[in-house]
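Visitor: Let's have the full structure, built from the sequences with the hints guiding it.
From first to last, the protein sequence lines are chains A, B and C.
Using numbering that gives the first Met the number 0, you'd call the opening residue of the first sequence number 0 and step up by one each time.
Using numbering that gives the first Met the number 0, you'd call the opening residue of the second sequence number 0 and step up by one each time.
Using numbering that gives the first Met the number 0, you'd call the opening residue of the third sequence number 0 and step up by one each time.
None of these hints come from the bench; they were simulated from the model.
Be careful, since some hints might not be right.
As the list claims (entries may be wrong) - Pair by pair, the computed Cβ-Cβ distance ranges are:
1. B:A54 <-> C:D296: 54 to 60 Å
2. B:M139 <-> A:K63: 42 to 48 Å
3. B:K218 <-> C:V50: 43 to 49 Å
4. B:P64 <-> C:P104: 54 to 60 Å
5. B:F173 <-> C:D47: 38 to 44 Å
6. C:P104 <-> A:T111: 21 to 27 Å
7. C:P75 <-> A:T111: 54 to 60 Å
8. B:F171 <-> C:V50: 30 to 36 Å
9. A:G19 <-> C:P104: 29 to 35 Å
To be verified - Derived EDC-like pairs: lysine to aspartate or glutamate, alpha-carbon spacing no greater than 16 Å straight-line:
10. A:K60 <-> C:E218
11. A:K319 <-> A:E305
12. A:K60 <-> C:D206
13. A:K238 <-> A:E310
The beta carbon of each residue, even a glycine, is placed where N, CA and C say it ideally should be.
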Amino acid sequence: MAETLLKIEGLKTYFFTEAGIVKAVDNVSFDVRKGESLGLVGESGSGKTVTALSVLRIVPKPGKIVEGKIEFKGEDLLEKNETEMQAMRGREIAIIFQDPSSSLNPIFNVETQLRDVLLAHEKISKEECRKKIIDLMNLVGIPEAEIRMREFPHQFSGGMKQRVAIARALALQPTLLFADEPTTSLDVTIQAQVLDLLEELKKKLGMSLVMITHDMGIIAKMTTRVVVMYAGNVCEIAKTEDLYEHPRHPYTALLLAAVPRLDRKKKLRIIPGNIPNLIEPPSGCRFHPRCEYATGKCAEEPPVLEEVEPEHFVACYEWKNISLKGENH
Amino acid sequence: MTPMNPENNKPNAGYKRRSASQWAVAWRRFRRNKAGVAGLIIVLAVVFVGIFGDALAPYPAFPNPKALTPFYNGDVRTPPSSKYLLGTDVLGTDVLSDILHGTKYALYVGVVVTAITMAIAIVVGSIAGYFGSWIDNVLMRLTEVFLVFPSLLFILIFVRVFTLGAGAGASFNFLGISIPIGLTIVIFVLAVFNWPGDARMIRGEFMRIRELEFIEAEKALGASNRRIIFRHILPNILSSIIVVASLTIAYAILLEAGVSFLGFGDVNTMTWGQILENNFSDMRIVWWAEVFPGLAILITVFGFNLLGDGLSDALNPRLRD
Amino acid sequence: MIPVALGISIVAFVTMYAAGDPISLIRAGKPNVDQTTLNALRAYYGLDQPVPIQYLNWLTNILQLNFGKSLYGGQPVIYIIGPKIWPTIELQVVSLLIAFAISIPIAVNSARKPYSKQDVIVTSFSLFGVSMPTFWFGLILIIVFSFTLGWLPSAGAVGAAGFLWWGNPILDQIAHLILPVAVLVYVSLAQNIRLIRANMLEILRSDYILAARASGISERKVVYGYALRNAITPALTFLAIALGGMIAGAPMTEYVFSWPGLGRQYVQSTLNLDFPTIMGITMIITVMMLIANLIMDILYVYIDPRVRIR
Chain A
0 MAETLLKIEG LKTYFFTEAG IVKAVDNVSF DVRKGESLGL VGESGSGKTV TALSVLRIVP
60 KPGKIVEGKI EFKGEDLLEK NETEMQAMRG REIAIIFQDP SSSLNPIFNV ETQLRDVLLA
120 HEKISKEECR KKIIDLMNLV GIPEAEIRMR EFPHQFSGGM KQRVAIARAL ALQPTLLFAD
180 EPTTSLDVTI QAQVLDLLEE LKKKLGMSLV MITHDMGIIA KMTTRVVVMY AGNVCEIAKT
240 EDLYEHPRHP YTALLLAAVP RLDRKKKLRI IPGNIPNLIE PPSGCRFHPR CEYATGKCAE
300 EPPVLEEVEP EHFVACYEWK NISLKGENH
Chain B
0 MTPMNPENNK PNAGYKRRSA SQWAVAWRRF RRNKAGVAGL IIVLAVVFVG IFGDALAPYP
60 AFPNPKALTP FYNGDVRTPP SSKYLLGTDV LGTDVLSDIL HGTKYALYVG VVVTAITMAI
120 AIVVGSIAGY FGSWIDNVLM RLTEVFLVFP SLLFILIFVR VFTLGAGAGA SFNFLGISIP
180 IGLTIVIFVL AVFNWPGDAR MIRGEFMRIR ELEFIEAEKA LGASNRRIIF RHILPNILSS
240 IIVVASLTIA YAILLEAGVS FLGFGDVNTM TWGQILENNF SDMRIVWWAE VFPGLAILIT
300 VFGFNLLGDG LSDALNPRLR D
Chain C
0 MIPVALGISI VAFVTMYAAG DPISLIRAGK PNVDQTTLNA LRAYYGLDQP VPIQYLNWLT
60 NILQLNFGKS LYGGQPVIYI IGPKIWPTIE LQVVSLLIAF AISIPIAVNS ARKPYSKQDV
120 IVTSFSLFGV SMPTFWFGLI LIIVFSFTLG WLPSAGAVGA AGFLWWGNPI LDQIAHLILP
180 VAVLVYVSLA QNIRLIRANM LEILRSDYIL AARASGISER KVVYGYALRN AITPALTFLA
240 IALGGMIAGA PMTEYVFSWP GLGRQYVQST LNLDFPTIMG ITMIITVMML IANLIMDILY
300 VYIDPRVRIR
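Guide: Take a look at the structure:
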């Protein structure tokens, strides 16, 4: 088993809004290993992105990390001061956002945006900086780097913009990269290219990748392990294959059944109900109001993750009593 | 899906119910907004004084000779005292009485200017926003001119020219209330120059709503333009209209005060701006006749602005995520 | 730009002549002027010709900087307006620059900590500012700083003959500028702060700010380098409008402080129904606004690359 790079323990990130406290991430624990591709999957609003922002400690107001431990290379990030944290961002841990047209600053050209990141961490000469930027742009597959670096984000296509965003995230060769739905806003044909690029770069640079997505297809293609989140909680952690073969949590099973497949004619399952209000989340297991297997206990006490077989954790009281269908059944 | 009860057969049942609860939610949000509530209290107080000001005032309003009682007592330009709480002005009228009487004029100006402004703005803005094409073009060019060019300059010319014809101190009766003609002319001129900005806002809102899918759906179901405008778009922009109306009242009161202060107002109607104008050249002595009426303007306008801001927060909440 | 100027000139011209024949209007209070004199006056000022011809005449003259003669005293309009242009520009430009210099840091700080105590104070103050009648604030300043404390002059742009404030012509100028500038700054400060703060709030929530923070760029650079530059762009567009507002406020401020500028002259000429002078000032203010807009456009292109390309 590979070494642990990032260990999140009991993380709670709440948003203190006028309407009440939104418990966006509530007691989340999982780890990321060196060099692995981890999937973080769940519906929108399940707390995936907030978890990533918490690790970088850039949760926007009125959000706040209330409790927990985020150990990165053995050090607790929550203990660090702002200056130390600033040095970590971009250099050790980086993130790619969903929509490149909003995550790139519209009024600076690409060169400036990449340079700002480089200069934030290294004292290098103008010439060196320029060379690095060109190398970076070549690395992410932007042709004619020397010309295009002078252009502004709006002059790039969606896929090219996302490549620029990737270049920015990888500028300092971080050891951990969060990719937050990096292909959701792109055309289908471009999606595959960007995913391939990420995979290739991950291998080349030997970093760990956390793929945040709601797309089970991307999970299958890109990751070796998966964390399933629901309404701010982790409900299942398993190797990707295991998860697809034997999902243990009813929510995971429903997620898998909601993926369309060409190879068999089967009715797509919809998950009944909506994602719950996180100000007053359901008591006990947060999924119980939508769960067909829920018993009285589920509404009382929130279940904790237990290891049901090696490397397979699930937070469900009923996992023994129910048999769930995976991908191939 | 089979309807659970006959209520659901009505096409708008669900929509209406939701909108009712939206207002309830807005009210709850508003109540939590201290500044907005303060604004509401100020506005209610001003309205109260506007209605009962004449009864509260120690002396009657100016053109009435009894307003000059302090003058006949030899109390011209007397500083604030227990006899004249806010002093007397250059004409020898009681400043407190003037301010109390002036309140109804301020409200008259604010409300009528806003009513006319919003009426024109809603009609023009809706037409431009809904139908687009040349109407929209003309409106946009027109509002650009108004935005670039300070309309106060035009307002002054119009007010000056139109009030020439109005007889001094003339008034007309409306529902038994005597309304000064000069001031009414000022109000109409202000409204005529005030609507383009609001029309532009309403046009923007219309265009935003028009693009939403439920309008497409309505159209696909064969709803008429009239039905779409009145049943679907207008109710949805009502909240914006209310907010803008509140701010327009504030702005109109300020504008009228300015016009009167510059000497273009109705000299026989003691609006707050008129009091300031009358005493301006002697303000080295009668500072109280400048400070207190101005304070009345400030408090009133501040009240409407606070209310408008509070309403805006309550009705168009920016989701803070 | 030229069509807009032409448009405004036509609107102003039609407005005024729709309002009535100035000669009869002026006569309104003076019934003892006989018809022959009136006709002679009309012919003298060219008012007996059809309105379109009058407009064309006026336009050809104005292009040669001939604004006609004042109906009030018969002086050429250019002599009345000419000396009043500079004082107005001086007042407006000084106020505008100071207002912007002050409002940016205040707005940025209050947007960084929205709904904090400081922010609440700033937003309430700016709301208070937009609620205050411009001229009344001027009156209060005069009462306090001129009449009561005697620190500053209450009227005019220069000291009266033989008396210079603070004993020096330049300091005297500054002394006269302080109060009117304070009024204009306070008024536009409120608007500027509200606008820049609102833009900043929105931009600070945007993804590219989050992304900049995520790449370890310092907070200072994120706020002032990334966010502010984006927030200024819409503010610039507004600056042109703000200038309009300031010029609209100019008559009030200039009137209160007896400032010898275009605004005060405009008030005077309008009260006198001196149409050629009114038209002259209207056109000069229009041209000033258009030049200001042009400068804004140039700045805009410099700041926002998206405009440059299109």
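Visitor: All hints are to be evaluated individually against the structure, with a verdict given for each.
Guide: Hints versus structure:
1. The hinted range of 54 to 60 Å is satisfied by B:A54 and C:D296, whose Cβ atoms lie roughly 57 Å apart.
2. Between B:M139 and A:K63, the C-beta spacing of about 45 Å keeps the proposed range 42 to 48 Å intact.
3. A hinted range of 43 to 49 Å for the beta carbons of B:K218 and C:V50 is consistent with their spacing of about 47 Å.
4. Roughly 57 Å separates the CB atoms of B:P64 and C:P104, a value that falls within the hinted 54 to 60 Å.
5. A hinted range of 38 to 44 Å holds for the C-beta pair B:F173 and C:D47, which are about 42 Å apart.
6. Checked against the hint of 21 to 27 Å, the C-beta distance between C:P104 and A:T111 comes to roughly 24 Å, which is consistent with it.
7. Distance hint check: the CB atoms of C:P75 and A:T111 are about 55 Å apart, consistent with the given range 54 to 60 Å.
8. At roughly 32 Å, the beta-carbon separation of B:F171 and C:V50 lies within the given 30 to 36 Å, and the hint holds.
9. Evaluation of the 29 to 35 Å hint for A:G19 and C:P104 yields a pass: the beta carbon distance comes to about 34 Å.
10. In summary, the hint linking A:K60 to C:E218 is supported, as the alpha carbons are separated by about 15 Å, within the 16 Å threshold.
11. This hinted pair checks out: A:K319 and A:E305 have alpha carbons roughly 12 Å apart, not beyond 16 Å.
12. A C-alpha spacing of about 13 Å is found between A:K60 and C:D206, which places the hinted pair at or below 16 Å, so the restraint holds.
13. For the given pair, A:K238 sits about 7 Å from A:E310 by alpha-carbon distance, which is consistent with the 16 Å threshold.
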